[in-house]
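Work out the full structure: start from the sequences and follow the hints.
Top to bottom, those sequences are chains A and B.
Every letter in the first sequence is one number past the one before it in the numbering used here, and letter 148, counting from 1, is 148.
Every letter in the second sequence is one number past the one before it in the numbering used here, and letter 81, counting from 1, is 81.
By construction, these hints were calculated from the structure, which means they are not laboratory data.
Some hints could be false.
One copy or two, either will do: identical chains are not told apart, so a pair holds if it fits within one copy or between any two.
[To be verified] Within a straight-line C-alpha distance of at most 20 Å, the following computed SDA-like cross-link-like pairs (lysine to any residue) qualify: (1) Lys105 to Leu36; (2) Lys61 to Leu153; (3) Lys111 to Ser13; (4) Lys61 to Lys147; (5) Lys156 to Thr85; (6) Lys147 to Glu62; (7) Lys66 to Leu142; (8) Lys66 to Asp139; (9) Lys61 to Thr143; (10) Lys10 to Tyr113; (11) Lys61 to Glu148; (12) Lys23 to Thr52; (13) Lys61 to Gln152; (14) Lys103 to Asp75; (15) Lys61 to Leu136; (16) Lys147 to Met60; (17) Lys61 to Asp144; (18) Lys61 to Phe141; (19) Lys66 to Ser140.
Model, not experiment: these values are computed from the prediction.
2 protein chains.
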Amino acid sequence: MKELKKHIEKIVSLNEEEWKVLKNGIEKESYSKGDLILSEGEHCDFIAFVQTGLFRFYTMKEENEKVIEFWFPLDFFSDYRSFLTNTPTNFYIEAMQPGTIWKIKRTYMNKLYEESINFNKLGRIVSEQLFLMKALRLDSFLTDSPKERYLQLLIKDPKILQAVPQYMIASYLGITAESLSRIRKRI
Amino acid sequence: MKELKKHIEKIVSLNEEEWKVLKNGIEKESYSKGDLILSEGEHCDFIAFVQTGLFRFYTMKEENEKVIEFWFPLDFFSDYRSFLTNTPTNFYIEAMQPGTIWKIKRTYMNKLYEESINFNKLGRIVSEQLFLMKALRLDSFLTDSPKERYLQLLIKDPKILQAVPQYMIASYLGITAESLSRIRKRI
DNA sequence: CAATGCAATTGACTTTCGTCAAGAAATACT
DNA sequence: AGTATTTCTTGACGAAAGTCAATTGCATTG
Chain A
1 MKELKKHIEK
11 IVSLNEEEWK
21 VLKNGIEKES
31 YSKGDLILSE
41 GEHCDFIAFV
51 QTGLFRFYTM
61 KEENEKVIEF
71 WFPLDFFSDY
81 RSFLTNTPTN
91 FYIEAMQPGT
101 IWKIKRTYMN
111 KLYEESINFN
121 KLGRIVSEQL
131 FLMKALRLDS
141 FLTDSPKERY
151 LQLLIKDPKI
161 LQAVPQYMIA
171 SYLGITAESL
181 SRIRKRI
Chain B
1 MKELKKHIEK
11 IVSLNEEEWK
21 VLKNGIEKES
31 YSKGDLILSE
41 GEHCDFIAFV
51 QTGLFRFYTM
61 KEENEKVIEF
71 WFPLDFFSDY
81 RSFLTNTPTN
91 FYIEAMQPGT
101 IWKIKRTYMN
111 KLYEESINFN
121 KLGRIVSEQL
131 FLMKALRLDS
141 FLTDSPKERY
151 LQLLIKDPKI
161 LQAVPQYMIA
171 SYLGITAESL
181 SRIRKRI
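See the structure below:
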């Protein structure tokens with residue numbers, strides 16, 4: 001829990017009482033490689049924090065996996081669309097390695113939002129950060145070629161390249177595994 | 001200001017005092033067709049609300065305009081990346097028609113965030129909504145073909161098609177004007 | 001160490017997209 | 001109405017991506 005507390009404190013400074021209340025809503029979960037934390041049709045009713053492990057967020061489109069995101073230790077994650085709108089998801093969250101996470105439920109989160117300014121601040125800043133990540137990613141689809149997106153990934157996210165098989169990276173870049181292989185050859 | 005107040009009240013209910021404080025930080029601005037509200041190199045230090053008119057958010061990539069977003073009446077807008085990180089922007093915001101907006105400055109917004117739970121709630125929910133829009137858009141780039149993205153636009157955002165020239169829609173879909181023209185022919 | 005399974009590459013081929021240039025169509029202007 | 005400007009379409013071509021199938025490379029394991 002130390003990492004989580006430290007991470008939250010970088011965002012907002014909670015007093016003893018607030019931290020105690022927050023802690024009461026948090027539970028630890030452990031997963032084995034290949035476990036599904038969320039599946040199509042379910043509601044995502046939590047926000048989580050990666051303690052250890054590696055997770056991916058993907059969807060199926062006509063038999064093909066489309067990887068939306070990868071999550072590493074110290075990342076907050078959720079199917080935030082399903083979480084916010086309280087609607088069933090089309091996505092899957094999979095543990096790519098054994099790992100442990102901290103989870104907080106939406107109902108508890110909403111209770112916190114009613115309680116103190118700091119929890120709203122926390123929720124706001126987490127939302128802002130999630131927004132920024134999506135916005136940067138979208139911009140690169142609008143302005144860059146697949147080759148350029150790959151080159152930027154090399155620079156900005158080398159840890160993804162080390163940890164993840166290439167065919168998933170291709171999907172994450174919005175192209176096929178074969179295309180990525182050819183892009184790499186051209187460089 | 002009526003529309004703005006009504007719109008905010010759908011998100012969070014402010015008391016008389018809070019509304020008065022908020023109002024003090026809001027100023028009206030009017031633009032003519034073609035005016036630039038924000039240009040590359042500047043800092044975006046505001047969040048705005050469209051009262052009337054039509055605005056677009058775009059960037060230049062090697063002489064070519066890349067349209068990121070369109071904003072219509074009742075939309076909140078900002079170069080939220082520049083706003084949140086307080087860094088210079090690579091983007092432009094242009095009034096595509098004569099229009100008026102309400103603006104609130106970052107410094108004022110940050111003051112509000114210190115003041116009451118409701119302003120944080122407002123900021124949180126606006127951030128959540130902005131996140132949702134980006135996330136949906138990104139998903140469609142990862143999972144759909146240009147043709148599919150166009151067809152979805154027909155269904156989900158017909159107002160964009162009516163109000164915006166096709167070559168900007170092409171850019172918004174991540175393709176060239178010629179490609180969009182051919183996609184339309186194929187249908 | 002051979003055998004298996006998964007990942008990555010390569011080849012052949014099709015489809016689609018981008019680019020450049022030319023025209024047609026639509027819109028705005030005088 | 002006629003002209004000018006902008007927008008949209010079309011054609012020709014090259015580059016890149018998708019698809020399917022086969023092969024190579026790599027790691028795991030029995």
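Results for each hint:
1. Lys105 to Leu36: within (17 Å within a copy, 43 Å between copies)
2. Lys61 to Leu153: between (24 Å within a copy, 19 Å between copies)
3. Lys111 to Ser13: both (19 Å within a copy, 17 Å between copies)
4. Lys61 to Lys147: Close across copies (15 Å), not inside one copy (23 Å); limit 20 Å.
5. Lys156 to Thr85: Close across copies (18 Å), not inside one copy (31 Å); limit 20 Å.
6. Lys147 to Glu62: Classified as between: cross-chain Cα gap 16 Å, same-chain 25 Å, threshold 20 Å.
7. Lys66 to Leu142: both (18 Å within a copy, 7 Å between copies)
8. Lys66 to Asp139: both (19 Å within a copy, 9 Å between copies)
9. Lys61 to Thr143: between (24 Å within a copy, 7 Å between copies)
10. Lys10 to Tyr113: Answer is both: 19 Å inside a copy and 17 Å across each meet the 20 Å cutoff.
11. Lys61 to Glu148: Between copies, since 13 Å is at most 20 Å while 25 Å is not.
12. Lys23 to Thr52: within (19 Å within a copy, 46 Å between copies)
13. Lys61 to Gln152: between (26 Å within a copy, 16 Å between copies)
14. Lys103 to Asp75: Within one copy only: 12 Å inside a chain, 33 Å across chains, cut-off 20 Å.
15. Lys61 to Leu136: between (24 Å within a copy, 15 Å between copies)
16. Lys147 to Met60: This pair counts as between: shortest inter-copy Cα distance 19 Å, intra-copy 24 Å.
17. Lys61 to Asp144: Cα proximity of lysine 61 and aspartate 144: across copies only (9 Å, versus 23 Å in one copy).
18. Lys61 to Phe141: both (19 Å within a copy, 12 Å between copies)
19. Lys66 to Ser140: both (17 Å within a copy, 11 Å between copies)
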